[in-house]
Amino acid sequence: MTLLGMPLMLELLSTRYAYATFAVILAVGLYIMIASPNLVKKVIGLNLFQSAIFLFFVATAYMHGGSVPVIPTEGGAVGEYASPLPHVIVLTAIVVGVSLTAVGLALIVRLYSLYGTLNEETIREVINE
Amino acid sequence: MSNPELALLVAIPILAATIPLLASLKFDRVGWPIALVTAAIEVALAGYVAMRVAAEGRYVHNLGGYPRQYGIELVADGLSASVVLLVALVTLVVLGYARRAGPRQNTFYSAYLLLCGGLMGVGLTGDVFNMFVFLEIVGLATYALVASDRSGRSALAALKYLLIGTAGASLYLVGVGYVFVATGTLNMVELSTAIPETVGYADPLIIASFCFIAVGLSVKAAIFPLHTWMPDAYAESPDTVTSYISGLVSTMGAYALARLIYTVYTPEFFATVPLAGDALVAFATVSIIAGSVLAVIQPDVKRMLAYSSVAQFGMIVAAFGLATEQALLGGIIHLVGHGLMKTALFLAVGVLATAYGVRTVKQYANLGYRSPVTVAAMGLLLLALVGIPPSIGFLGKWYIAWGAIEAGAPIVAGVIFFSTLLTLLYVARLLESLYFHPADGIEGAVPGDEVRLLSDGGDGATGQNRNRPVSFGMVFVVAALSVAAVALGFAGPAFEAFFESFLEAAL
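Residue numbers (numbering that gives the first Met the number 0), protein chains in the order written: chain C, 0 to 128; chain R, 0 to 506.
No wet-lab data here; the hints were simulated from the structure.
Bear in mind that the values here come from a model prediction, so they are computed numbers and not experimental data.
Beta carbons: idealized from backbone N, C-alpha and C, even for Gly.
Do not rely on the hints blindly, as some may be mistaken.
A few chain R residues that face chain C, going by a derived Cβ cut-off under 8 Å, partial list only [to be verified]: (1) Val132; (2) Gly151; (3) Leu158; (4) Gly356; (5) Val357.
Taking CB as the label site, the calculated pair distances span [claimed, not checked]: (6) C:Val77 - R:Ala54: 44 to 52 Å; (7) C:Gly115 - R:Leu24: 31 to 39 Å; (8) C:Gly74 - R:Gly63: 18 to 26 Å.
Pulled out of the complex, with its shape left as it was, chain C reads as follows (with noise of 0.2 Å):
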């Protein structure tokens, strides 16, 4: 990084931190999926991958400034409004997202139910023997 670079890394650091959250969540989530053999930690790192996106959608939605975008029916709006469209985005994907924990879940209740055990390398072992 460069005497220059630096500058505006930190000046981008300090206005556009949520999409460097974004980007850090995003790829703490993806690592506990591949590195834990826990099961239920797999799923809840898949949840935080999740949650960075809907963070991503969030904070594109921002705007300095702007008000809830409810306009009134008489009319009459002025000045700015953050976006809802990202928002009814992010709750569809929360929906999703709830129900494809519930089913990683009720597969994961069955495992244990099963193997009782939620690594994954003891249950590969177990079935393969």
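Chain C is already provided as a structure; the job is to place chain R on it using the hints.
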């Protein structure tokens, strides 16, 4: 524009999926008739849509009457009509098999219909975020179906599929987010004009969004090295489920990729950023070779066919990445043809497993003389998979190879030829076992002169059926699909005419 049949195609199976669950309060085993009625309606509607598309070309339905700038539209064109018809037909055919083979619980048919509705939605939607939702509905139903025999192995396979599949769909969502930030719209047609008008194809945001979307959908289409969920999911799930998902789920993943490439990014994007198309073709080409090689070394027939799918989807995605008229036509034909052939092959595997309990290539010894109809149909389908003319497998590969030479990528054509040889290798291994290998001395195989009964006749088989676990319907659907795979080999000009308007619009 209001064309309610497009909305009904998606809504009917999803609504019907709730009926078996509700009926469980009072009745057992009513799922199958409900699913059959739904599937018959779907086939009729899909046939009507395909006929209308053939007559008048692309048409749309605006959900709720909102124009596409604000609302979601459903689109029927050559590409979507063909996959929607495939989904409807395979849904009906697999039900014909499931009548005797099971599973019989009502909950199974609820998940089955939900999956059908999700697949229809992926095929018809014209909105990139809506496509994510339908991809996840498909995912949810598939994970539940893979684990539907309640064994530990299938639960682990389903969980692995869930983690990888959801990560893939989430990456797709990131791509959608990027392209939405760049343009402010989610409608595919709007996007195709908004991308060049607002930021241009070479913008880093657009390139990044393409990468995320291509990787996410490659997970769904099982492109090497993102294919690892597929062999486990196919091998461990019940035979009925394997036949259904092998023909449709990855197919819709590859369809979504084609839809995004040709309707949203358009071949202009590949012309501006040649690296994107080249990288896609390169990954797909590696997938062809890796899938074929891995298929050759599998002892288990279901796993062998699963790895063969990895190779075939590599071929299809390579065709989409080449972006010439012949290659795209070949890609679509192979997409549909592979769906039919794989469904039929897994059904045949299911028939043999139900009748004799055999699972590996070795155990298939001498079965050609025990189950002549099923095995002959299987042989035809395997040869169609290799690409021996006349068959739909040949037609698809022919157009793709032709397109590859046209696009100045003879390496891809060479790889397709090489993978055909590898396909011949594992197909010949199976055929040799089926017809020319004596069964004596092989553990689990069926000796020639002995009638062996399975100890468990499946749950719910009545006394009369216990000696005949395989019904006429199960053999009939396999034979009918194998005849269709050969007959469609003569339909080259018909395909060309049907897809003409779509190809013109796309390229």
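Here's how the hints hold up against the structure:
no.	hint	result
1	Val132	holds, 6 Å
2	Gly151	holds, 4 Å
3	Leu158	holds, 5 Å
4	Gly356	violated, 20 Å
5	Val357	violated, 21 Å
6	C:Val77 - R:Ala54: 44 to 52 Å	holds, 50 Å
7	C:Gly115 - R:Leu24: 31 to 39 Å	holds, 34 Å
8	C:Gly74 - R:Gly63: 18 to 26 Å	holds, 23 Å
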